[in-house]
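Asks: The chain contents come next:
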Amino acid sequence: MGELRLMKGNEAVAEAAIRAGCDGYFGYPITPQSEVMEYLMAEKPFERTGMVVLQAESEVAAINMLYGGAGTGKMVMTSSSSPGISLMQEGISYMAGAELPALIVNIVRGGPGLGTIQPSQADYFQAVKGGGHGDYKMLVLAPASVQEMCDHVKLGFDKAYQYRTPVMILSDGAIGQMMEKVVLFDQIPRRTDAEVIEQCPWASNGRPATRDHNIITSLDLDPAGQERVNLKLQAKYKLMEQNEVLYEEIQCEDAEYLFVAFGLSARICQKAIDLARAKGIKVGLFRPITLFPFPVIEVSNVGNHVKGILVVEMNAGQMIEDVKLSVGCKVKIEHFGRFGGIIPSPDEVVRALEQQIIGG
Amino acid sequence: MEDKFAKTEIHKPENIVYKKSDLMVDRPLSYCPGCGHGTAHRMLMEVLEEMNIQDKTIGVSPVGCSVLAYDFLNIDMLGAAHGRAPALATAIKRLWPDHFVFTYQGDGDLAAIGTAETIHACNRGENITIIFINNGIYGMTGGQMAPTTLPGMRSSTSPYGRDVPTMGHPLKITELVAQLPGVYYVTRQSVHTPNNVRKTKKAMRKAFELQKENRGVCFIEIVSNCNSGWKMTPVQSNKWMEENMFPFYQLGDIKVDGKLIEKKETVE
Chain A
705 MGELRLMKGN EAVAEAAIRA GCDGYFGYPI TPQSEVMEYL MAEKPFERTG MVVLQAESEV
765 AAINMLYGGA GTGKMVMTSS SSPGISLMQE GISYMAGAEL PALIVNIVRG GPGLGTIQPS
825 QADYFQAVKG GGHGDYKMLV LAPASVQEMC DHVKLGFDKA YQYRTPVMIL SDGAIGQMME
885 KVVLFDQIPR RTDAEVIEQC PWASNGRPAT RDHNIITSLD LDPAGQERVN LKLQAKYKLM
945 EQNEVLYEEI QCEDAEYLFV AFGLSARICQ KAIDLARAKG IKVGLFRPIT LFPFPVIEVS
1005 NVGNHVKGIL VVEMNAGQMI EDVKLSVGCK VKIEHFGRFG GIIPSPDEVV RALEQQIIGG
Chain B
3 MEDKFAKTEI HKPENIVYKK SDLMVDRPLS YCPGCGHGTA HRMLMEVLEE MNIQDKTIGV
63 SPVGCSVLAY DFLNIDMLGA AHGRAPALAT AIKRLWPDHF VFTYQGDGDL AAIGTAETIH
123 ACNRGENITI IFINNGIYGM TGGQMAPTTL PGMRSSTSPY GRDVPTMGHP LKITELVAQL
183 PGVYYVTRQS VHTPNNVRKT KKAMRKAFEL QKENRGVCFI EIVSNCNSGW KMTPVQSNKW
243 MEENMFPFYQ LGDIKVDGKL IEKKETVE
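Same order as they appear, the protein sequences are chains A and B. The first sequence runs 705 to 1064 under the numbering used here. The second sequence runs 3 to 270 under the numbering used here.
Just so you know, these hints were derived from the structure itself, not from any lab. Accuracy of the hints is not assured; some may be wrong.
[What the hints assert, rightly or not] Calculated cross-link-like contacts (lysine-lysine; reagent style BS3-like; alpha-carbon spacing at most 30 angstroms):
(1) A:K858 x A:K885
(2) B:K233 x B:K203
(3) B:K214 x A:K748
(4) B:K204 x B:K261
(5) A:K942 x A:K983
(6) B:K58 x A:K748
[Unchecked claim] To list a few chain A residues with every Cβ distance to chain B over 10 angstroms, as calculated:
(7) E761
(8) E794
(9) V887
(10) D890
(11) I892
(12) N918
As the structure is a prediction and not an experimental result, all values here were calculated from the model. Don't be surprised by glycine CBs; every beta carbon is placed ideally from N, CA and C.
From just these sequences and the hints, can you work out the full model?
Replies: As structure tokens, then:
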């Protein structure tokens, strides 16, 4: 068993990045995620593992530093919160187009605009449906605990390299700020330059006389060529849909009703389940862990055996669209959400279940 | 019949007096005839070849006319988003400190949309070389006004000439970055005559030699023509450049060994 510590979610992300063998972190301060870079700077990973940590002049610069670093094959990441992630969308689109592996952590806060610094899940659409321009997807992980904040960093890097794609951890200000115990995985050595060169034959890190030059770009002016790029990307996303779906079912075996929720909302639903079951309402929870690929078949299998589904989100109703597409229209599906930085209470959630689903 | 001028005959080492750098990909350039980009590319590749650092060099190309530079330069390259080349180069150099890293950017890329990345990479003193091609216009998108367009100069978005009160002043970003302590060597050159080409190549060599010593940013501006965008013949455009661009963008060293060079009054 690894080292046990009490940590903030943001700190767990930072410590996990060092331990995962990350080569470079590039970021810009924004609440509620600044602890990521603060922890890294205090921890001096440049001495611990040789990892580069750099405070960029903007989120725009930070994401393009990621593009540069990833294009050479190095393991790079950034973190930010909603307005900063909006600024990064152009760069993320370029990275998806150029097929570059990188990890982007979004500690979501309420929007739109400058919004609030309080937690929210209002960036679901942006993360899952593309966000930037062009037809692309990211693999999106939704941690619901500080432990998962840590574990998803390693998983995210693994998947980023496996599929040569940007991966996003879609968390929120509450999980980023809250402290929980976390079991840290052991240090994975950073790859040497020679290992990077060997493992990333596609990367631009200096052309030896033995091969052609490598070019990292998302540009192909020939429409037929650009269509081929798109088809390749779509095939990759199809493969992710087949192989990378992650989800959790809690008390679904005897459930007559179902909550579907991700991240922090799923934590709240766990408490709501206890309250509801004490009242004799048999309710379970389906928690998607990957938001893309979405657990389409899995949520449908559970959802089609209950009397009604309440999708609980800290937004105005975003994931509910994917739940409805997955489950179909035979089962009643309603949304309950609070937004603008308000975290719903378990009581509210149970009340919504009773009013919108059971009594509705 | 034996052909005395067969390719094999010409290519015999004893018959070759000057040849294209092996680091130039054997492919027609996408630039307009008369454009300075091709010469700048070639000088850059000759320098890398002479220093024998091509296997340790990573280049970053911009968005603009030279967006396809990676197709012509036979070294590992990355195509950046518009204006972001210095951000890419920053990360690349930090992650591969024993490699040589350069950006190759036009005036719209470097001095308009990428101003923040340019200033901050320079101010951090990144150990990179920035090659800045200034032709006072957006070439690829069809001749629009650039941050470096001269007062009164016509472009497709300043069809009656750049009106300074409403369109702003041309930006001398090279003089601006020269003020920053992270910048070690700044020079402004051109590639329109053999003599100027030699000077440009010498400046590029110096910049890469200094990069080896981790001296900070080396910044080379090349004032160039855009005969298509300026609506002139190549010969006319070079003459116009000498008469109009050079008085405003004076050629020569601006900062050497980390020290600013005293300059004569420039035309405003």
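Asks: Which numbered hints turn out to be false for this structure?
Replies: As far as the earlier hints go, 5, 7, 8, 12 are violated by this structure, in ascending order.
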